[in-house]
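*Asks:* Take a look at the letters that make up each chain.
Protein chains: 2
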Amino acid sequence: MQGEIILTGTELVTGQVADVNARYAARRLHESGLPVRCVTMLGDGDPLFGEVLVRALRRSRYVIITGGLGPTDDDMTVAQAAEVLNLKLTQDEGMLARIRRRLEQRGFDWHPRYGKLSLIPQGATILDTGRAACGFSLKSQDTWLFFLPGIPQEMRLLFESGVLPVLTAMAGQPGHLVQRSLRLFGKMEIEIQQAVHTVEQEVEGVEVGFYPNFPEIHLTLTARGPEHPPLKERVERFIVALHQEVGDILLGPDGATLEEVVGRQLREQGRTLAVAESCSGGLICHRVTNISGSSDYFMGGVVTYSNQAKMDLLQVATETLEEKGAVSAETSADMARGVKALFHADFGLAVTGIAGPTGGTPEKPVGLVFMGLAGLNGVESRRHQFPGDRDMVKTLTAETALDWLRRELLSGL
Amino acid sequence: MQGEIILTGTELVTGQVADVNARYAARRLHESGLPVRCVTMLGDGDPLFGEVLVRALRRSRYVIITGGLGPTDDDMTVAQAAEVLNLKLTQDEGMLARIRRRLEQRGFDWHPRYGKLSLIPQGATILDTGRAACGFSLKSQDTWLFFLPGIPQEMRLLFESGVLPVLTAMAGQPGHLVQRSLRLFGKMEIEIQQAVHTVEQEVEGVEVGFYPNFPEIHLTLTARGPEHPPLKERVERFIVALHQEVGDILLGPDGATLEEVVGRQLREQGRTLAVAESCSGGLICHRVTNISGSSDYFMGGVVTYSNQAKMDLLQVATETLEEKGAVSAETSADMARGVKALFHADFGLAVTGIAGPTGGTPEKPVGLVFMGLAGLNGVESRRHQFPGDRDMVKTLTAETALDWLRRELLSGL
Numbered sequence: 000m001q002g003e004i005i006l007t008g009t010e011l012v013t014g015q016v017a018d019v020n021a022r023y024a025a026r027r028l029h030e031s032g033l034p035v036r037c038v039t040m041l042g043d044g045d046p047l048f049g050e051v052l053v054r055a056l057r058r059s060r061y062v063i064i065t066g067g068l069g070p071t072d073d074d075m076t077v078a079q080a081a082e083v084l085n086l087k088l089t090q091d092e093g094m095l096a097r098i099r100r101r102l103e104q105r106g107f108d109w110h111p112r113y114g115k116l117s118l119i120p121q122g123a124t125i126l127d128t129g130r131a132a133c134g135f136s137l138k139s140q141d142t143w144l145f146f147l148p149g150i151p152q153e154m155r156l157l158f159e160s161g162v163l164p165v166l167t168a169m170a171g172q173p174g175h176l177v178q179r180s181l182r183l184f185g186k187m188e189i190e191i192q193q194a195v196h197t198v199e200q201e202v203e204g205v206e207v208g209f210y211p212n213f214p215e216i217h218l219t220l221t222a223r224g225p226e227h228p229p230l231k232e233r234v235e236r237f238i239v240a241l242h243q244e245v246g247d248i249l250l251g252p253d254g255a256t257l258e259e260v261v262g263r264q265l266r267e268q269g270r271t272l273a274v275a276e277s278c279s280g281g282l283i284c285h286r287v288t289n290i291s292g293s294s295d296y297f298m299g300g301v302v303t304y305s306n307q308a309k310m311d312l313l314q315v316a317t318e319t320l321e322e323k324g325a326v327s328a329e330t331s332a333d334m335a336r337g338v339k340a341l342f343h344a345d346f347g348l349a350v351t352g353i354a355g356p357t358g359g360t361p362e363k364p365v366g367l368v369f370m371g372l373a374g375l376n377g378v379e380s381r382r383h384q385f386p387g388d389r390d391m392v393k394t395l396t397a398e399t400a401l402d403w404l405r406r407e408l409l410s411g412l
Numbered sequence: 000m001q002g003e004i005i006l007t008g009t010e011l012v013t014g015q016v017a018d019v020n021a022r023y024a025a026r027r028l029h030e031s032g033l034p035v036r037c038v039t040m041l042g043d044g045d046p047l048f049g050e051v052l053v054r055a056l057r058r059s060r061y062v063i064i065t066g067g068l069g070p071t072d073d074d075m076t077v078a079q080a081a082e083v084l085n086l087k088l089t090q091d092e093g094m095l096a097r098i099r100r101r102l103e104q105r106g107f108d109w110h111p112r113y114g115k116l117s118l119i120p121q122g123a124t125i126l127d128t129g130r131a132a133c134g135f136s137l138k139s140q141d142t143w144l145f146f147l148p149g150i151p152q153e154m155r156l157l158f159e160s161g162v163l164p165v166l167t168a169m170a171g172q173p174g175h176l177v178q179r180s181l182r183l184f185g186k187m188e189i190e191i192q193q194a195v196h197t198v199e200q201e202v203e204g205v206e207v208g209f210y211p212n213f214p215e216i217h218l219t220l221t222a223r224g225p226e227h228p229p230l231k232e233r234v235e236r237f238i239v240a241l242h243q244e245v246g247d248i249l250l251g252p253d254g255a256t257l258e259e260v261v262g263r264q265l266r267e268q269g270r271t272l273a274v275a276e277s278c279s280g281g282l283i284c285h286r287v288t289n290i291s292g293s294s295d296y297f298m299g300g301v302v303t304y305s306n307q308a309k310m311d312l313l314q315v316a317t318e319t320l321e322e323k324g325a326v327s328a329e330t331s332a333d334m335a336r337g338v339k340a341l342f343h344a345d346f347g348l349a350v351t352g353i354a355g356p357t358g359g360t361p362e363k364p365v366g367l368v369f370m371g372l373a374g375l376n377g378v379e380s381r382r383h384q385f386p387g388d389r390d391m392v393k394t395l396t397a398e399t400a401l402d403w404l405r406r407e408l409l410s411g412l
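Just so you know, the sequences run in chain order A and B.
Residue numbering for the first sequence follows numbering that gives the first Met the number 0, starting at 0 and increasing by one per position.
Residue numbering for the second sequence follows numbering that gives the first Met the number 0, starting at 0 and increasing by one per position.
Wrong hints could be hidden among the right ones.
With beta-carbon atoms standing in for the labels, derived distance ranges [to be verified]:
hint, chain 1, residue 1, chain 2, residue 2, range
1, A, Q140, B, E103, 56 to 62 Å
2, B, R57, A, E30, 32 to 38 Å
3, B, G246, A, Q104, 33 to 39 Å
4, B, N306, A, Q200, 51 to 57 Å
5, A, R236, B, D253, 56 to 62 Å
If you are wondering where the hints come from, they were derived from the structure by calculation, not from laboratory data.
Keep in mind it's a predicted model, so treat the numbers as computed, not measured.
The C-beta atom is built at its ideal place from N, Cα and C for all residues, glycine as well.
Please work from the sequences and hints to get the whole structure.
*Replies:* Laid out in structure tokens, this is it:
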């Protein structure tokens, strides 16, 4: 049972305000097995609205329309819809009384314009929440139309109370639904897709959604059916099989962020972490500390841009800096060892590189990053060459460094 | 000259990801006097795409299409468009070579599927940024079509370099346009709105766009007319008058970010900075180092979550920590002094607080943050109580701390 959403609001097509209504409704409907096929945004009162509505009526079983229900001149949605549907507007007396009461309560004077708020097309039903929000539903041929306010809080109230229950009832018993999210990092989308195809041969009946979310790929697994336990079992079998296919690029089985996964690993293993950053400039520390309770395992970090700070704080040897340079495997190893000692931590993670756009040379181009990890059995370093601008290099550096730590903790270094 | 935007991406119509591309493009186009009439979102490969594209071609002078240019099976935008336009697909050799190089750089293997990325409709022109992003433009009858990637960073790069200049040139000389962006931090939107209304009485003919962008408010000032000099003068008069109304909550006269403004101030005054963070966990360092060339004035930073690290690295006195606690004016002052000395910097900026959601007490609730600033004439500390969740507290802490430094540098501390 497919549907669509039409948003009206000049603030949307001028980019002044980000849409939240379509996203909210689309997610709730998708979760309920009622896919949204199309979302259209138009300015207030655009004559195109009629054309868009007619086309939606032809191809969809339900249409959700938001915005343009207010008292001002540019709120024209109701009048436009009535014209397209060839319906008269009638005054809803209950609605009118409700508006009068509400104005009184808030200490506002009555104005004839407010009468407009209670004008609805013939045959429409007010969606009553007992609150202020106004909206209505209407059946036209085989299609349900829902007119909702553009203000997000009011839209959500009416959507939950007057739209979703009607649609799910109409769609019949969609049975049960089991859904899981996964995050992956370290392979291209295409390789992950191939792995998913392979698993789909083995475990049938799981729908997979792909959501590239730089620098990660997110997947959503959905199974629907009449009974819950086999669905759950099926999704779990899918995750196990996918894990076998893609290996440890699967960050965790439960959609947790990389910093959550690393935090949990450190906590479970009773280990602590310290971080030394050069080119990532604090982003690794920022991500680690986004987790509540990270103070239990995160001992601290340093951002050492200058050679002097690398020497003073992290005991990077002068000779290393002179002979190999600040961006080198040796420096990253020294930094990792140094920050581990400085904070008395079990792990020292360090990065040094060239974030750009300036500072690159033919031998050491922008995007060149060395990482060091000092653990329980010594120190290791790695070389990476990242693409993109300063922001992308910082993002990839932080993700790659945290992912390295995750893999080391997995293998029980 | 009207246009529209078509977004393809299943992640959009399932509500999994919020659109940022249409909003960005719509805003930039609106600012340039090229209104967007309609935005349509469809799932990947939906056959409806053809119908939507045909209708857009009929009524619009330009159409921007994002998403579906990738290598996987569900990336079907190019093939669908070629079919609708009745054009053959041809391989762009330059593009192919670029893709091969990029894969090599990142250490990925070649796969025949990547060849798809260089297939474009006959007559199309690759939008070349010299970087990785792929996209192309195409003229069909009187309508310009632009195909852009769905990844926001890449989309923006190509939009700015290959779309906006073409469209503004095509729109011809619409008279002159002077536009300026402003960022404000430290007052509610409604107060800023009142100030803008006051200034509008005084300086006429400047259109003001409001863009709340937590925790800042962004404004766009636009003046249009037949001649350039009076427009420029008018907008500048508006900014001066607004500055008088709102005071130094105006971060700068040119839309620069807070970290850019602070960076410029430090550079101009020949001063250096070091940062010590507790509750903001690295976010201040991350923001400061987002600016290319920040190594010239940013000496480094430390993230000291533990008391031990505050004592060892920053010389916070044991008595201070014992008597006043880690979250106190005294500790923030000691941290500021300590980090200034540690990195031999001219300014030491320090924050310590409770980001939450755990760790709060009745005396020291979640959101309580102390900041210290050690400068040329001693050290000062301030107390703040921020609202919101962990993410909001971190964001407000970093913004407020950097803004304090900006104001101090303004007054020539």
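*Asks:* How does the Cβ-Cβ distance of R57/B and E30/A compare with 32 to 38 Å: does it lie in that range?
*Replies:* Check passed, 36 Å falls within 32 to 38 Å.
*Asks:* Looking only at beta-carbon atoms, does the pair G246/B, Q104/A fall within the given range of 33 to 39 Å?
*Replies:* At 37 Å between Cβs, range holds.
*Asks:* Do the beta carbons of Q140/A and E103/B sit within 56 to 62 Å of each other?
*Replies:* holds (57 Å)
*Asks:* That 51 to 57 Å hint for N306/B and Q200/A (C-beta), does it hold up?
*Replies:* holds (56 Å)
*Asks:* For R236/A and D253/B, compare the CB-CB distance with the range 56 to 62 Å and indicate the outcome.
*Replies:* holds (57 Å)
Of the numbered hints given earlier, the model fails none.
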